[in-house]
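Trainee: Protein chains in written order, with the numbering used here: chain A, 2 to 180; chain B, -11 to 268.
Hints in this document: simulated from the structure, not taken from any laboratory. C-beta: ideal position from N, C-alpha, C; glycine also. Treat the hints with care, as some may be off.
[Stated by the list, open to error] So the derived label-pair ranges between C-beta atoms look like this:
(1) A:ALA94 / B:ASP207: 26 to 36 Å
(2) B:GLU217 / A:THR115: 22 to 32 Å
(3) A:SER136 / B:ILE(-5): 43 to 53 Å
(4) B:ILE(-5) / A:VAL87: 35 to 45 Å
(5) B:PHE198 / A:ILE106: 53 to 63 Å
(6) B:ILE(-5) / A:PRO112: 38 to 48 Å
(7) A:THR108 / B:GLU247: 44 to 54 Å
(8) B:PRO260 / A:GLY146: 41 to 51 Å
So you can see what is in the structure, the chains are spelled out below.
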Amino acid sequence: MTGLAQVKEVRSSRAKSRGAALASESSRTITLGTNEACARIRQVLASVPDPEIPVISVVDLGIVRSVEPHRVVITPTYSGCPATQVIERDIRAALDSAGYRGVRIETALSPAWTTDWISPEGRAKLHAYGIAPPSRHAPECPQCGSANSEEISRFGSTPCKSLWRCRDCAEPFDMFKCH
Amino acid sequence: MPSLPPIRPEDEARAANLHEHGAFDPAGGAQGGALFEFLLRLGDDSLVLGQRLSEWTGHAPSVEVDLSLANIALDLIGQATFFLDYAGEVEGKERDGDRLAFHRDVLDFRNCLLVEQPNGDFARTMARQFLFSAWQHRLFAHLAASADARIAAIAAKAVKEVAYHQELAAEWVIRLGDGTDESRRRMQDGIDWMARFVPELFEADDLTLFLAEKGIGVDPNAFRADYEEQVAAVLREATLDPLPVQRPILGGRRGHHSEHLGHLLCTLQFLPRTYPEAVW
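Kindly produce the complete structure, drawing on both the sequences and the hints.
Mentor: Printed below as a string of C-alpha cells:
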C-alpha cells in the first residue's frame, strides 16, 4: 500500500510540473519504476511465512533488510537457526513464481538481527497465535492476558523461544526471547 | 578426579629448555596462513562442543534440559559453519565449511582440549559449558570489534547467543553445587575434571599475538582477570572449591589432542566419509 501511495504521489507531482526540464522528467521516471518494483517485491516477500511460526511473514520477522529491484538482502535470526535455509528457499520460490527470477537473494550478518526488528503487526500476530512477543519483563499470558507468569525453561521448542507458565490460568506458553 | 600438581620452580626451569613444538607440527609453523589457522580455531571450538552437546539429545535429565542442550548445540554448529566457510574462502582451495568439518583428520583440528572432553554426567557437561562459554563470551565481545569485518559480524551475532549459554550453565553450576550432597559431589567432580583445560584457553602463542597486533584477534589475557573473577564468584556461590592453580596442558591449537577427539570425529564424520556424495 505504501508503494502504491508513493507511485500516486510521484504521478500527481509529475502532472503538476509539466513544464519541468526533460532531465528531471526522466529521473522521475526511474524513481517511479524503482519504487514500484521494490513495492511489488516487498508484497511478494510479505506473503512468505516463517517456516517455524507460519502466522508471521519474513517481513514481519524483520529479517528482510533491504529490497532493491535486483537484490533482496536478508539476515539470519540465530547463527544456527535451521529455518534460515528453508526461508531462503521459500523466498526464492515466491520470487520465481511471481516472475522475479532475476532478483538475487543475499545474506548479510551485520548488523546482527534483533527482536526489536519484529514489526508491531508481527508482535500482534505472535500474541494472537499464542506466543508472547519479546518483552524485557514477565510476559503477558497469551491465553488469559495475566502478567503473573514464570519462566520454566530458558530454551523452548526452538532457539528463539523460551518456555513460560501462567500462574493464573496454569497454561504453559512460548515467549519469543529478546535477542 | 584429582588435579595435576602445582607448578614448581624446577618444572618451569625445565620447561624453558624444552622444544616449543611437537613431532607432528608442520615445519615452518602455520601452513594455510595466520587468518586461516585462526578461523579454524574459532570454528573447531564451536563445532566440537556442538557435536558433544548433541550427544545429549534424547538423554538429558528432563525435556527442558534436552531442549536447552540441543539449542546450544545448534547455536554452536551455526557459528562453526560461519567460521569454517570463511576459513575455506580464505584458504582458496575450494573447501567449504562442510568439507573442513567432515574431511579433516584429527591432527588438523585446532580446537582447545576443553571442548573435546567427554560429557560425563550432566554436572560435568555443565562444568565444561560454564568454563567454556564464560571464556567464549568475552572472546566474541572483543572480536565484535575485530579489524576483519566478517569476523566482527559473526562475533557480534554470536555473542548474544553465548550470553544465554553462559547464564544457563552458571545457573546449573550453582544449583547443583549448592544442592544435595550428591549433586554437590558430582558438580565438584565435574569442575575438577574440566579445570585442567582452562589454562589452555589463555595460551597466547605467536599466532594469537600476531593477530592481536593486527587488530584481527585478541590476546585472551586481556580478559583473563575478568574471567577468573566471574568463575570464582560462581564457584563461591555454588559452595565449590576455587579453580586450582596448575601448569597448563597445551596442544589443541597445534593439533595435539586427547584420545577423545578421534572418537568424536568417528561419529561426526562417518556418513560423509562412507558415502562421500550423499545428499538429502
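Trainee: Hints first: check each against the structure and report whether it holds.
Mentor: Here is how each hint holds up against the structure:
Hint check: A:ALA94 to B:ASP207, Cβ distance near 47 Å, so the stated range 26 to 36 Å is violated. The hint said 22 to 32 Å for the Cβ distance between B:GLU217 and A:THR115, and at roughly 28 Å that hint holds. Between A:SER136 and B:ILE(-5) the beta carbons are some 50 Å apart, a value that agrees with the proposed interval 43 to 53 Å. Look at B:ILE(-5) against A:VAL87: about 52 Å separates their beta carbons, and that is not inside 35 to 45 Å.
Judged by the Cβ atoms, the range 53 to 63 Å given for B:PHE198 and A:ILE106 is violated: they are separated by roughly 37 Å. Against the hinted window of 38 to 48 Å, the Cβ-Cβ separation of B:ILE(-5) and A:PRO112 comes to about 45 Å, which satisfies the hint. A hinted range of 44 to 54 Å for the beta carbons of A:THR108 and B:GLU247 is inconsistent with their spacing of about 38 Å. Roughly 50 Å separates the CB atoms of B:PRO260 and A:GLY146, a value that falls within the hinted 41 to 51 Å.
Consistency with the previously given hints fails for numbers 1, 4, 5 and 7, ordered from lowest to highest.
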